[in-house]
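Protein chains: 2
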Amino acid sequence: MILCDIGNTNAHLLREGEFVIESLERFLSSVFGGKVYYICVNDSLRQVLKKRENFIDLESFIKIDTPYKGIGIDRICACKSVHEGVVVDAGSAITVDVMSGGKHQGGFILPGLKAYEKAYKDISPRLNFDINREISLNSLPKNTKDAISFAVLKSLVLTIQNIADGKNIYFTGGDGEYLSSFFENGVFDRMIVFKTLLNTVEELKKGKFKC
Amino acid sequence: MILCDIGNTNAHLLREGEFVIESLERFLSSVFGGKVYYICVNDSLRQVLKKRENFIDLESFIKIDTPYKGIGIDRICACKSVHEGVVVDAGSAITVDVMSGGKHQGGFILPGLKAYEKAYKDISPRLNFDINREISLNSLPKNTKDAISFAVLKSLVLTIQNIADGKNIYFTGGDGEYLSSFFENGVFDRMIVFKTLLNTVEELKKGKFKC
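So the sequence lines, in the order shown, correspond to chains A and B.
With the first letter of the first sequence counted as 1, position 135 gets the number 135 in our numbering; the numbers rise by one all the way through.
With the first letter of the second sequence counted as 1, position 189 gets the number 1189 in our numbering; the numbers rise by one all the way through.
Just so you know, the hints here were simulated from the structure itself, not pulled from any lab data.
Small disclaimer: the values here were computed from a predicted structure and weren't measured.
Below, simulated BS3-like cross-link-like pairs (lysine-lysine); rule was C-alpha separation at most 25 Å, straight line:
id: 1; chain 1: A; residue 1: Lys103; chain 2: B; residue 2: Lys1145
id: 2; chain 1: A; residue 1: Lys167; chain 2: B; residue 2: Lys1142
id: 3; chain 1: A; residue 1: Lys208; chain 2: A; residue 2: Lys63
id: 4; chain 1: A; residue 1: Lys63; chain 2: A; residue 2: Lys195
id: 5; chain 1: A; residue 1: Lys118; chain 2: B; residue 2: Lys1118
id: 6; chain 1: B; residue 1: Lys1121; chain 2: A; residue 2: Lys118
id: 7; chain 1: B; residue 1: Lys1069; chain 2: A; residue 2: Lys121
id: 8; chain 1: A; residue 1: Lys206; chain 2: A; residue 2: Lys195
id: 9; chain 1: B; residue 1: Lys1114; chain 2: A; residue 2: Lys145
Partial chain B-side listing against chain A, Cβ under 8 Å, derived:
id: 10; residue: Asn1008
id: 11; residue: Pro1067
id: 12; residue: Lys1069
id: 13; residue: Lys1118
id: 14; residue: Asp1122
id: 15; residue: Ser1124
id: 16; residue: Leu1140
id: 17; residue: Pro1141
id: 18; residue: Asn1143
id: 19; residue: Phe1150
id: 20; residue: Ala1151
id: 21; residue: Lys1154
id: 22; residue: Leu1156
We treat Cβ as the ideally placed atom computed from N, Cα and C, and that holds for glycine.
Using the sequences and the accompanying hints, generate a full structural model.
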């Protein structure tokens, strides 16, 4: 059995207890023997996968109690694993969601680190820098690379801190481990989406849902 | 006499006491009778303007006391008009600089509002929204358009507020007036860059600089 969380840039796989991150191109050209249980936020890719016999889309089996209209299935899965606290999924975009008493309260979406880098590059070639991940957030930048890195990281950290207001913050996604290092109350959990996928597959196997 | 602050998207002109914003394309095709004193952060455009006889590049005459390497001439001009406080120029990018005792202390660069919108659109068509400028920053978003708008504005406001630490904040640029509305200690001043340009032209006319 293979579990997949398919995003806009990469597919995250849990295969025989091992995590693998694959580009969408590589993922699509891979041949999988057994059943592949997946969620997918990429609409065009989802149409492609629907036609594969051994691929099972879990989206319709997973619900969350929320006032939010149009929340992505990846955010639903991450949030369902957290009863109380803030959930940050840091990938192509950085989604930030608040859970209280097992209910989703709302959330917001910041660009991912790579998206910020591309945004600066698109403004001007003078702003074409990779983010300096060693930047100090305690002193004012003195050059352009640091000015960009500081702005991105300080704005992310302050906004997440503000919404968390002391609650625990659960990070996942490709940049989740890095971002969690800025927070005393931050925990990195690579399994957060997969916990929900695993539970759903178990319930499916028990015949809880009518397919 | 015409004064110009030429950015990466638009040219801001002060012509006979009147402010005009022109697209770069329109600006380049305009015919100006008298002398045009300008600064320009767009390198390729600067090369073009150098060949025009009635265009005078003011950059080499304007200096600031700063430990920052590679600060843009537009930021220098805005900062030179502020002795004490934070200077925010909100255009294609949003530059945030700290002035203390007439000295530039450092600063950082956030993407401009349009650059954020493009960054989201580039991540996924699901995130293709214009920022909702009426968004409340006091309640958690409940749909994707608000989730994006809240994230952009909350992160901008918190980061600028944090660096200002109660000092006055002087806004300029195309989105300066709008952003200033989020700050009790915020002042919008369309003239902030032009004050320095005007002073420099006066000094030039007095023969202060050797051309």
